[in-house]
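Colleague: Residue-level listing of the chains:
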Amino acid sequence: MISKRIIPCLDVRDGKLTKGVKFEGNIDIGDPVEVAREYYEQGADEIVFYDITASSEQRDIMIDVVRRVAETIFIPFSVGGGIRNLEDMRKVIGAGAEKVSVNSAAVVEPAIISQGARAFGSQCVVLGMDVKKVDVCSQTPSGYEIVIEGGRKFTGIDALWWAKEAENLGAGEICLNSIDADGMQDGYELDLTALISENVHIPVIASGGAGKPGHLADVLTKGKADAALIASMVHYRTYTIREIKTYLRAQGIQTRMLW
Amino acid sequence: MTVSEGFEDMIAIINYNAGNITSVARALHSIGQEFVITDDTKMLDSATHVIFPGVGAAGEAMAYLRQKKLHAWLKTCFQTGKPILGICLGTQIILDHSEENDTDCIGLVAGSTRRFPDLLKDDGRVLKIPHMGWNSVEFKRPHPVFAGVPKEAEFYFVHSYYPSPEDEAAVLGITDYGMSFCSVIAVKNLVAMQFHPEKSGRPGLQILKNFCTWRGNDF
Numbered sequence: 325m326i327s328k329r330i331i332p333c334l335d336v337r338d339g340k341l342t343k344g345v346k347f348e349g350n351i352d353i354g355d356p357v358e359v360a361r362e363y364y365e366q367g368a369d370e371i372v373f374y375d376i377t378a379s380s381e382q383r384d385i386m387i388d389v390v391r392r393v394a395e396t397i398f399i400p401f402s403v404g405g406g407i408r409n410l411e412d413m414r415k416v417i418g419a420g421a422e423k424v425s426v427n428s429a430a431v432v433e434p435a436i437i438s439q440g441a442r443a444f445g446s447q448c449v450v451l452g453m454d455v456k457k458v459d460v461c462s463q464t465p466s467g468y469e470i471v472i473e474g475g476r477k478f479t480g481i482d483a484l485w486w487a488k489e490a491e492n493l494g495a496g497e498i499c500l501n502s503i504d505a506d507g508m509q510d511g512y513e514l515d516l517t518a519l520i521s522e523n524v525h526i527p528v529i530a531s532g533g534a535g536k537p538g539h540l541a542d543v544l545t546k547g548k549a550d551a552a553l554i555a556s557m558v559h560y561r562t563y564t565i566r567e568i569k570t571y572l573r574a575q576g577i578q579t580r581m582l583w
Numbered sequence: 004m005t006v007s008e009g010f011e012d013m014i015a016i017i018n019y020n021a022g023n024i025t026s027v028a029r030a031l032h033s034i035g036q037e038f039v040i041t042d043d044t045k046m047l048d049s050a051t052h053v054i055f056p057g058v059g060a061a062g063e064a065m066a067y068l069r070q071k072k073l074h075a076w077l078k079t080c081f082q083t084g085k086p087i088l089g090i091c092l093g094t095q096i097i098l099d100h101s102e103e104n105d106t107d108c109i110g111l112v113a114g115s116t117r118r119f120p121d122l123l124k125d126d127g128r129v130l131k132i133p134h135m136g137w138n139s140v141e142f143k144r145p146h147p148v149f150a151g152v153p154k155e156a157e158f159y160f161v162h163s164y165y166p167s168p169e170d171e172a173a174v175l176g177i178t179d180y181g182m183s184f185c186s187v188i189a190v191k192n193l194v195a196m197q198f199h200p201e202k203s204g205r206p207g208l209q210i211l212k213n214f215c216t217w218r219g220n221d222f
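Protein sequence lines, in the order shown, are assigned to chains A and B.
Be aware that the first sequence starts at 325, since it is given in the working numbering, and climbs by one per residue.
Be aware that the second sequence starts at 4, since it is given in the working numbering, and climbs by one per residue.
Keep in mind that the hints were calculated from the coordinates and are not lab data.
The structure displayed is predicted, hence computed values, not measured ones.
Here are the simulated DSSO-like cross-link-like pairs (lysine-lysine), alpha carbons at most 27 Å apart as the crow flies:
(1) LYS124/B - LYS488/A
(2) LYS477/A - LYS457/A
(3) LYS548/A - LYS124/B
(4) LYS456/A - LYS343/A
(5) LYS546/A - LYS124/B
From chain B, some residues computed to sit far from chain A (all C-beta separations above 12 Å):
(6) VAL39
(7) MET46
(8) ASP48
(9) GLN70
(10) ALA75
(11) THR79
(12) GLN82
(13) GLY84
(14) HIS100
(15) GLU102
(16) GLY110
(17) ARG117
(18) PRO145
(19) ALA172
(20) ASN220
(21) ASP221
Covered stretches of chain B (in silico footprint by chain A; criterion: 3 or more residues with CB under 8 Å from a CB of chain A, positions within the stretch not fixed):
(22) 23–37
(23) 129–137
(24) 150–157
(25) 205–214
Glycine included, each C-beta is placed from N, C-alpha and C at the ideal position.
Assemble the whole structure, with the sequences as input and the hints as a guide.
Modeller: Given below as structure tokens:
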């Protein structure tokens, strides 16, 4: 049977690995290619790179990172952040990424999802969703709203509606990030994750809030997630991926143990 | 041509605009294996091993192969005994027919490629399609291309269609995703897998390494 995937997320700024709390106060913590290799060897099932580089000139640095990663690790990886159009997607995929994730740009121009799916196949297109808990109202009946621009801007779009819409447009997977939980290491947003996962037919990667292996166990069972994104808990070497997987195995959760 | 010891091996990846060729190339590079990427049948003729990768849709892939006469070339190549490795779409279209775009395929192996039924279930939960992620393979018999690959190894899959050969003997490996399906085909000098060895970590690289030294025998 298919294994639940454990996916470290690497935020990259100007070609360097960085880690922020609630999208602020980023600090450099290493070379993304070296860290990707280390996680590959520890048993990561996939790796997500998120480019938080500000200027477009420096985006070429990211393409170079993608190319070097593709020569170094032999598991799938995705790249997101600053993907605005088909050309950006083509560059990232051409450099060796398996998947590309779109977030803000898809909110502004949803056609980028269908265009990407047509050009590269649905399996290449991941919709990144940044979500904040809000009051239930007619505009956001699920009680969750899509935010963009790194969590700074509310869009008035209901998160559940957007997830279904993205699936219809051809997204192959959803990476669901709770802004409220992100960087807090206090556990994933289980209700949100279960709500989205039970209402779409594409895999959902839970993101935001992982602090200990028990959090992953919760989101992969109660939260119905297909995969769990992790960052701080491995970046700061509190846990290795093998330790996390060993724990999940002991909880009866199917994970890949041999690599 | 016949392959004999002492000849320098030449691995050729068939180039047919099929998506994952560069990742296969990078994986070969990492194991120190030289190769060429080509759609030229003369060049393919001089190769000792042929890799037939693929990501994308069956209809488009077959149209391109027909235009380049590569489908006919592959049939002849199979007869010569040269080792052939199919990957993902390359595995699906070696059968007679694919349900994807209702496509007539190459027909190296009798059978068809089918879509996963909707509402596959595991533990009461509806399974998602595509089948995307890591899964295991149960091997029916040993095969030189899988030598040294531990039976607990998992491989990376991403697909909505699966190969279904007519002859049980063509099935080397099966995988469970709410139903059992054939994930590895092995017939004579052909071995073809639904998963991506180039994205399956060390066990995947081991498979590629084994293939590059396989003589197309002892199957």
